[in-house]
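Novice: Protein chains in written order, with numbering that gives the first Met the number 0: chain A, 0 to 189; chain B, 0 to 229.
No wet-lab data here; the hints were simulated from the structure. The beta-carbon is built from N, C-alpha and C at its ideal position, and this holds for glycine as well. Just so you know, not all the hints are guaranteed correct.
As the list claims (entries may be wrong) - With a straight-line cut-off of 30 angstroms between C-alpha atoms, the simulated DSS-like cross-links for lysine-lysine are: (1) B:Lys12 with A:Lys163; (2) A:Lys91 with A:Lys32; (3) B:Lys12 with A:Lys32.
Said to hold, decoys possible - Pair ranges (Cβ atoms, derived): (4) A:Leu97 with B:Leu187: 27 to 33 angstroms; (5) B:Glu205 with A:Gly184: 45 to 51 angstroms; (6) A:Asp160 with B:Trp172: 50 to 56 angstroms; (7) A:Ser94 with B:Trp172: 49 to 55 angstroms.
Here's the letter readout for the chains.
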Amino acid sequence: MELLVIFISAALVNNFVLSYFLGICPFIGVSNKTSSAISMGMATTFVMVLTAIVSWLLFNLVLVPYKLEFLQIPSFILVIAALVQFVEMVIKKVSQPLYRALGIFLPLITTNCAILGLALLAAMREYGFLESVIFGVGAGAGFTLALVIMAGIREELDLADVPKPFRGAPITLIVAGILALAFMGFAGMI
Amino acid sequence: MKKQVSHLKEFTKGLWEINPIFKQILGTCPTLAVTVSIVNGIAMALATTFVLVFSSLMISLIRKLIPGQVRIATYIVVIASFVTIVDLVMKAQFPELSKSLGPFIPLIVVNCIILGRAEAFASKNNPLRSVLDALGNGAGFFIALVVMSGIREILGSRTFFGYQVLPNAFEPWLIMILPAGAFIVFGLLMGFSNLYVERKKNLEREALISQYRRVGREEITEEVLKEAGV
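Chain A with its partners taken away, still in its complex shape:
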C-alpha cells in the first residue's frame, strides 16, 4: 500500500515535470512529435530506475557508513554520467533497433535535472531500497505521461493560428500551465 502511494504520488499528484519543474528542458525541446516523446520518455524512465538503484546503493552503503555525505552531489552526478555512458554502450552491443530508437536521447539525459533530482529527493526522504525503485518507476512514468500529452497537444498546435511572437517556447509554456492545472485534479487521490 505504501509503495502504491509512492508510485501514484510520483507519477500523477507530484508529477516531476508539472509540479516539481524537473526536466523542463527535454519537456520543451523533445515534445514536437509523439513518437520521439515516447522514445525519450522510455529512455528517461530506464535511466531513472537504474539511477534510483545505484544511487541508493552508493548513498547507503558507501557515503553514509564512511561519513562522506558531503560528497553527495559530485558522486551522484558522476555516477549518473557513468551510468548513462554504460547504458549507451550496452544497448549498442545488445540491441541495434533499441539503440536506434533511444540512442540520440541518452547523452541528453545526463544533464536532465529530473535524474539528479530523483536521486537527491530519494536520499532526502530516506526511502528504503524498494521504495526508491518504485519512486524511480513512478517518476519515469509521470515524466513520460507529461511528455506524450504535451507532444500530442503540440502536434495540433502546429495547425493553430498562434500570434508570431508566441510561437515555439512561449505557447508551449502556457499550454504546460494549463496542463499543470489539469493535473491538480489528481491532488485528492492521496
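On the provided structure of chain A, position chain B as indicated by the hints.
Specialist: Coordinates of chain B only, in the frame set by chain A:
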C-alpha cells in the same frame, strides 16, 4: 582572428542580448520552481551567480590543461565542488531558506547556464573575460528571476519582500503561487519579450528604408538590410 569586444560588452551582453532565460532558454527549471517569493528568487540567483563566476574562473584558468575528450566531465566536477560549497554554507547559515529551496540548490549542478557558459565561453577565453561574461549572465538570470518572482509574489500573495503592498480588497490570485502560474507567467513574459524585440527590429528596418529613400539612392536590397542586422 575574431574581433575583440570591449570588456564592458562582455558583461552587458548577458543582461539582455543573450539573456540566459529569455534568449538562450537555459536554466528554466529553477526559474519556474523557486520564484514563488522574491526572497527565494534572489537567493537562488545569487547562489547560481556565485557558482557560475567561480566555476568560469576556475575552468578558464585550467582550460589549457584539460584534454578535449574529458572536458565535460572535468567541468561537471568543478561545478559540483562549488555547488557543494554553496549547499553546505546555506545549510549552516540560512537553514530556513535552504529548506524552502529544497533540492534546487544541489540541482544548480545540472543548470544548463553554467555548463553552457563553461563550454561556450570560459573554455576559450582568458580569466578576466570569463568572469565578466559569467557576471553578466548571472545578472541576466538575476533580473529574470526578480521579475518572475516579483509578479508572482505581488499577485499571488499580495506582498513584496514579505510586506503587504496590495489592499485586502484585492483577492490574491491563488494560481500565481501554484505550479501552473509559473508556467503561464514565464510563457507570457517570453512572448512579450519576443514581441518587443520584433517591434524594435521593424522600426529600425523602416527607419533605414526611409533614410535610403531620402538620399535618393537605388532601391534598398535584402542584402543591405541583412548586413545592417535588421
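Novice: Mind checking the hinted window 49 to 55 angstroms against the Cβ distance between Ser94 (chain A) and Trp172 (chain B)?
Specialist: 50 angstroms, holds
Novice: Has the hinted range 50 to 56 angstroms been met by the Cβ atoms of Asp160 (chain A) and Trp172 (chain B)?
Specialist: 28 angstroms, violated
Novice: Assuming the hint says 45 to 51 angstroms, is it satisfied by the Cβ distance from Glu205 (chain B) to Gly184 (chain A) or not?
Specialist: 49 angstroms, holds
Novice: Are Lys91 (chain A) and Lys32 (chain A) close enough, with their CA atoms no more than 30 angstroms apart?
Specialist: It holds: about 24 angstroms lies between the C-alpha atoms, which stays within 30 angstroms.
Novice: Does Lys32 (chain A) lie within 30 angstroms of Lys12 (chain B) when you go C-alpha to C-alpha?
Specialist: 34 angstroms, violated
Novice: Has the given pair, Lys12 (chain B) with Lys163 (chain A), been kept, meaning a C-alpha gap of at most 30 angstroms?
Specialist: With a Cα-Cα distance of about 25 angstroms, the restraint between Lys12 (chain B) and Lys163 (chain A) holds, given a limit of 30 angstroms.
Novice: Determine whether the Cβ-Cβ distance between Leu97 (chain A) and Leu187 (chain B) falls within the hinted range of 27 to 33 angstroms.
Specialist: 40 angstroms, violated
Checked against the numbered hints given earlier, the structure breaks hints 3, 4 and 6 and satisfies all the rest.
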